[in-house]
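Visitor: As a plain string of letters, each chain reads:
Number of protein chains: 4
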Amino acid sequence: MTLAMDIDALGRFLDETFPQVAGEIVIEDLREGSLRSRLSVTDRHLRPGGTVSGPAMFGLADVSVYLAILAMIGPKSLAVTTNCSIDFMRKPQAAADLICECRLLKLGRVLAVGDCLIYSHGVASPVARAALTYSIPPAG
Amino acid sequence: MTLAMDIDALGRFLDETFPQVAGEIVIEDLREGSLRSRLSVTDRHLRPGGTVSGPAMFGLADVSVYLAILAMIGPKSLAVTTNCSIDFMRKPQAAADLICECRLLKLGRVLAVGDCLIYSHGVASPVARAALTYSIPPAG
Amino acid sequence: MTLAMDIDALGRFLDETFPQVAGEIVIEDLREGSLRSRLSVTDRHLRPGGTVSGPAMFGLADVSVYLAILAMIGPKSLAVTTNCSIDFMRKPQAAADLICECRLLKLGRVLAVGDCLIYSHGVASPVARAALTYSIPPAG
Amino acid sequence: MTLAMDIDALGRFLDETFPQVAGEIVIEDLREGSLRSRLSVTDRHLRPGGTVSGPAMFGLADVSVYLAILAMIGPKSLAVTTNCSIDFMRKPQAAADLICECRLLKLGRVLAVGDCLIYSHGVASPVARAALTYSIPPAG
Chain A
1 MTLAMDIDAL
11 GRFLDETFPQ
21 VAGEIVIEDL
31 REGSLRSRLS
41 VTDRHLRPGG
51 TVSGPAMFGL
61 ADVSVYLAIL
71 AMIGPKSLAV
81 TTNCSIDFMR
91 KPQAAADLIC
101 ECRLLKLGRV
111 LAVGDCLIYS
121 HGVASPVARA
131 ALTYSIPPAG
Chain B
1 MTLAMDIDAL
11 GRFLDETFPQ
21 VAGEIVIEDL
31 REGSLRSRLS
41 VTDRHLRPGG
51 TVSGPAMFGL
61 ADVSVYLAIL
71 AMIGPKSLAV
81 TTNCSIDFMR
91 KPQAAADLIC
101 ECRLLKLGRV
111 LAVGDCLIYS
121 HGVASPVARA
131 ALTYSIPPAG
Chain C
1 MTLAMDIDAL
11 GRFLDETFPQ
21 VAGEIVIEDL
31 REGSLRSRLS
41 VTDRHLRPGG
51 TVSGPAMFGL
61 ADVSVYLAIL
71 AMIGPKSLAV
81 TTNCSIDFMR
91 KPQAAADLIC
101 ECRLLKLGRV
111 LAVGDCLIYS
121 HGVASPVARA
131 ALTYSIPPAG
Chain D
1 MTLAMDIDAL
11 GRFLDETFPQ
21 VAGEIVIEDL
31 REGSLRSRLS
41 VTDRHLRPGG
51 TVSGPAMFGL
61 ADVSVYLAIL
71 AMIGPKSLAV
81 TTNCSIDFMR
91 KPQAAADLIC
101 ECRLLKLGRV
111 LAVGDCLIYS
121 HGVASPVARA
131 ALTYSIPPAG
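Note that the protein sequences, when read in sequence, are chains A, B, C and D. Mapping of the first sequence onto my numbering: position 38 corresponds to residue 38, and the numbering continues sequentially without gaps. Mapping of the second sequence onto my numbering: position 83 corresponds to residue 83, and the numbering continues sequentially without gaps. Mapping of the third sequence onto my numbering: position 30 corresponds to residue 30, and the numbering continues sequentially without gaps. Mapping of the fourth sequence onto my numbering: position 46 corresponds to residue 46, and the numbering continues sequentially without gaps.
Be careful, since some hints might not be right.
Any copy, or any two copies together, can satisfy a pair, since identical chains are not distinguished.
No farther apart than 20 Å at their CA atoms in a straight line, the calculated lysine to any residue pairs in the SDA-like style are these [as the list claims (entries may be wrong)]:
no.: 1; residue 1: Lys106; residue 2: Pro48
no.: 2; residue 1: Lys91; residue 2: Thr81
no.: 3; residue 1: Lys106; residue 2: Val80
no.: 4; residue 1: Lys76; residue 2: Arg44
no.: 5; residue 1: Lys91; residue 2: Val80
no.: 6; residue 1: Lys76; residue 2: Ser125
no.: 7; residue 1: Lys106; residue 2: Glu16
no.: 8; residue 1: Lys76; residue 2: Thr51
no.: 9; residue 1: Lys91; residue 2: Thr2
no.: 10; residue 1: Lys76; residue 2: Glu24
no.: 11; residue 1: Lys76; residue 2: Pro137
no.: 12; residue 1: Lys91; residue 2: Ala4
no.: 13; residue 1: Lys106; residue 2: Gln93
no.: 14; residue 1: Lys106; residue 2: Arg12
no.: 15; residue 1: Lys106; residue 2: Leu117
Read the hints as simulated data drawn from the structure, not as lab findings.
Extracted from the complex, chain A is given alone in its bound form (with noise of 0.2 Å):
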């Protein structure tokens, strides 16, 4: 299977269809199967006690997961999140991005299931793991 987006093209449907995230969230690299993204933390992210909020780190996983499916089927299906599980395991830095490092586990005809590890840039141990589901709609 080959990608059927290139990294540009993702970026141009991430701004166009996400404009609340738009410039925040970078994609970083993107492989059959892979994407790494990047968050900018902004003073909007941030919680009381100089930490990046839940939701900041649900959204990116969310966002992530969504543009590495899209990747790989087009920019034309419309995937719904259905499920997320997601760990908080260490407190993200509030002056370091946030770094995302996704696989795609199955690309089902009905179900898509991916992971992802979230990293404060430049620290070994990440902040958080997810794994999402999405359901895809038939074509046509």
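Given chain A, work out where chains B, C and D should sit, using these hints.
Guide: Just chains B, C and D now, with coordinates in the frame of chain A:
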């Protein structure tokens, strides 16, 4: 066990501690071990296609179970979300607030567990379910 | 929506289809969208330290939500578990049966979602909670 | 951090502590923070339709991450599973052993988190993924 904070004290704590959601999330009902909250859905919670974003639903569940725990143990404790599993079951309505019905299932010395159902206001079937675990740091 | 199978038909289906648990799991109550089951705890479900094993609780939740779905859609369909999240909250008693209270949260064309609370018989606080998703293959 | 138990010590601990799975689960490889195990699939793990049961896969993941933790902290500690999320992605083969590849993602003072991919032996795509959290009781 009785409530350590009433609905007004909990609301003030929410506004002070989570300025990002102040005014958006309101506690509608509070009992021992259960809480109902409401998210005023605005443009910033919406996704293309006219639906509420996943991170907005995740954030509502996270804050609501957190508040249900603090209502029991008081505002001084710093509970941290360690795990969340969430199922997105139906598309929320764009023009309706979200209602979150939480219950505490466990309030231990070290871990607390709660779950919730999220509804579009006025619709009988839930749009999402979530379960969350919080780590409660030792007192003192 | 009415029940496609009553409690007796569902019990016979269970005994024929899951001979491994025949006689161990009994359906105690069945309504539209909810089901209560009981696991007769025996030595083979126990772990050292006198508690019921995780796989035994997982299996009870899995079979119970599955039966709650089949009660609605009938025995011919072949639903497959695609996801489970489970929290083990308290140590079950070794000398008590497990009671599983399930409810169906979604019964869609492609996916069904249910959750359950599991109790040691006679104890008020649940020992575990679980949510499960099933993929329902197309008819015909 | 170095290993507190080697593969032989861990195997003896498994046989003594989990007599139910003694002889069924074998540790094939052990490193700091990772472990590979194998479940000898027999009739008692099978479901109608010629596939391995969900509880058998859950149990393999649970035991394997537990052993990966004990390899680091030693056999005296009594870690307890508090959470598991598992995705069943493909139908396992009935006539093949299951291979479980685990990695420890966090080994904290109170909580440990690991995840795993489960394969039918000889098949490249995983049949399941799971993440598990364990509560580590205070020493002494």
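Visitor: The structure should be examined with respect to each hint, and the outcome stated for every one.
Guide: Going through the hints against the structure:
no. : hint            : result
1   : Lys106 x Pro48  : neither (37 Å within a copy, 24 Å between copies)
2   : Lys91 x Thr81   : between (25 Å within a copy, 10 Å between copies)
3   : Lys106 x Val80  : both (15 Å within a copy, 16 Å between copies)
4   : Lys76 x Arg44   : neither (31 Å within a copy, 24 Å between copies)
5   : Lys91 x Val80   : between (29 Å within a copy, 9 Å between copies)
6   : Lys76 x Ser125  : neither (36 Å within a copy, 26 Å between copies)
7   : Lys106 x Glu16  : neither (26 Å within a copy, 32 Å between copies)
8   : Lys76 x Thr51   : between (36 Å within a copy, 18 Å between copies)
9   : Lys91 x Thr2    : neither (37 Å within a copy, 25 Å between copies)
10  : Lys76 x Glu24   : neither (23 Å within a copy, 34 Å between copies)
11  : Lys76 x Pro137  : within (11 Å within a copy, 24 Å between copies)
12  : Lys91 x Ala4    : neither (36 Å within a copy, 27 Å between copies)
13  : Lys106 x Gln93  : between (32 Å within a copy, 17 Å between copies)
14  : Lys106 x Arg12  : neither (25 Å within a copy, 35 Å between copies)
15  : Lys106 x Leu117 : both (17 Å within a copy, 12 Å between copies)
In summary, the numbered hints that this structure violates are 1, 4, 6, 7, 9, 10, 12, 14.
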